[in-house]
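Once you have looked at the hints, place chain G on chain U.
This is what each chain is made of:
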Amino acid sequence: MTEEMDYGVFEVDQHITAHSRYYAGWMGSHFYIRLRDEKKIHGVRCESCAKVFWPPRSTCGRCFSQLTADDLVEIGPEGTVETFTRVDYEEPVHPRRAPLIYAVITLDGADTGMAHFLGEVDFDRIEIGMRVRPVFAEERKGHILDIAYFKPV
Amino acid sequence: MSQTNMPREFISVPMTVDVPYRFAAGKYLTRFLKELRDNGRFFGIKCPSCGRVQMPPRIVCAPCHVRNEEWVELGLEGTLVGFTVMYLPLTDPTTGKPHEPPFVYGAVVLDGADSSLSHLVNVEPDVEKIKVGMRMRVVLRPREERTGDLSDILYFEPAAGPVQD
Chain U
0 MTEEMDYGVF
10 EVDQHITAHS
20 RYYAGWMGSH
30 FYIRLRDEKK
40 IHGVRCESCA
50 KVFWPPRSTC
60 GRCFSQLTAD
70 DLVEIGPEGT
80 VETFTRVDYE
90 EPVHPRRAPL
100 IYAVITLDGA
110 DTGMAHFLGE
120 VDFDRIEIGM
130 RVRPVFAEER
140 KGHILDIAYF
150 KPV
Chain G
0 MSQTNMPREF
10 ISVPMTVDVP
20 YRFAAGKYLT
30 RFLKELRDNG
40 RFFGIKCPSC
50 GRVQMPPRIV
60 CAPCHVRNEE
70 WVELGLEGTL
80 VGFTVMYLPL
90 TDPTTGKPHE
100 PPFVYGAVVL
110 DGADSSLSHL
120 VNVEPDVEKI
130 KVGMRMRVVL
140 RPREERTGDL
150 SDILYFEPAA
160 GPVQD
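So the sequence lines, in the order shown, correspond to chains U and G.
For the first sequence, numbering that gives the first Met the number 0 gives the first residue as 0, with consecutive numbering after it.
For the second sequence, numbering that gives the first Met the number 0 gives the first residue as 0, with consecutive numbering after it.
If we strip away everything but chain U, and leave its shape as in the complex, we get (with noise of 0.2 Å):
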């Protein structure tokens, strides 16, 4: 055949979708069940090393300690922001449509951060620094998304 044909450009659309289910464990399933049947937020405390993990996991991260649903404690409601990001383009990836602000927040008595939404707020006065409290959704299922997102104090 002619070996200077122009097959020109092309692009081809593909489309990948994975399920999947994510099983919270006994630990995560106490935290979700409280969260969603009482609207309160437990983290984890290790004794040794004094600190309060948000959420709530079975073993310390810092000194392997197992830990227990005796040491869950409640913690917030109320946080503060540690960093946040404003997110301004489409990814099928984010649950929520874009634009949005993600923000890492420490509630009061825990020692770590969470990533969440931040919601009924002017982006443009977004400070890391800010107390912050949240806002529960209607219809909770046992999810992380049972609270819709915290919002200014």
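Just to be clear, a hint being listed does not mean it is correct.
What the hints assert, rightly or not - Here are the simulated distance ranges between beta carbons: (1) Glu138(U) / Tyr86(G): 35 to 41 Å; (2) Gly39(G) / Arg96(U): 40 to 46 Å; (3) Gly25(G) / Arg61(U): 45 to 51 Å; (4) Asp107(U) / Gly81(G): 58 to 64 Å; (5) Pro157(G) / Pro91(U): 26 to 32 Å; (6) Pro91(U) / Tyr86(G): 26 to 32 Å; (7) Pro91(U) / Phe9(G): 41 to 47 Å; (8) Glu46(U) / Phe9(G): 23 to 29 Å.
Stated by the list, open to error - Every beta carbon over 10 Å from chain U, so not counted as near; a handful from chain G, in silico: (9) Val65; (10) Leu75; (11) Glu76.
As the list claims (entries may be wrong) - A few chain U residues that face chain G, going by a derived Cβ cut-off under 10 Å, partial list only: (12) Tyr6; (13) Arg20; (14) His142.
FYI, nobody ran anything at the bench for these hints, they're computed from the structure.
C-beta: ideal position from N, C-alpha, C; glycine also.
Leaving out everything else, chain G in the frame of chain U:
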């Protein structure tokens, strides 16, 4: 772990990661996919050093690291070199939709090629009835339904001819 640790229920959350994406096929794959889409033909590329015919075509021969430039038209028939019977749904990367099990997935070396192409095989999913070395033919979608990706191939199906060693 003490019994008091046990929650009254275990929480789990179904999750779906959904990623549509688009890639630029590049010079060689563009020619390969457009020939497949428009003319229903398969082309490989022959290495000037080792003579290996690679399909899908790539600019560089993987073993020799030299530039491939000789295009070779391949047959629409070939030989099954490996297969598996799938009992789990396999997500089709062109659509994101799962394929209902059980089904057969196989690797076929098209006549004239030295590398294999993996795709669905339209045979009964029974390992007693499938043999490595079976002759296979490519079944393509009708021209007007072809889009220029590997879903233009519907499946392989058995063709006449003796089993190859």
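Consistency of the hints with the structure:
1. At roughly 37 Å, the beta-carbon separation of Glu138(U) and Tyr86(G) lies within the given 35 to 41 Å, and the hint holds.
2. For Gly39(G) and Arg96(U), the Cβ-Cβ distance of about 42 Å falls inside the hinted range of 40 to 46 Å, so the restraint holds.
3. Separation of Gly25(G) from Arg61(U) is about 49 Å and conforms to the stated range, judged on CB atoms against 45 to 51 Å.
4. Take Asp107(U) and Gly81(G): their Cβ atoms lie about 60 Å apart, and the range 58 to 64 Å holds.
5. Take Pro157(G) and Pro91(U): their Cβ atoms lie about 39 Å apart, and the range 26 to 32 Å is violated.
6. Between Pro91(U) and Tyr86(G) the CB atoms are about 29 Å apart, so this pair conforms to the stated range of 26 to 32 Å.
7. The hint said 41 to 47 Å for the Cβ distance between Pro91(U) and Phe9(G), and at roughly 28 Å that hint is violated.
8. Glu46(U) and Phe9(G) have their C-beta atoms about 26 Å apart, which keeps the hinted 23 to 29 Å range intact.
9. Taking the minimum C-beta to C-beta distance to chain U, about 17 Å, the non-interface status of Val65(G) holds against the 10 Å cut.
10. No beta-carbon of chain U is positioned within 10 Å of the beta-carbon of Leu75(G); the least distance is around 17 Å.
11. Listed as outside the interface, Glu76(G) is consistent with that label: its C-beta sits roughly 20 Å from the nearest C-beta of chain U, beyond the 10 Å cut-off.
12. At about 4 Å, the closest approach between the beta carbon of Tyr6(U) and any beta carbon in chain G falls short of 10 Å, and the interface hint on this residue holds.
13. The restraint placing Arg20(U) at the interface with chain G holds, with a minimum CB-CB distance near 5 Å, inside the 10 Å limit.
14. Checking His142(U) against chain G by beta carbon gives a least distance of about 6 Å; that is within 10 Å, so the hint holds.
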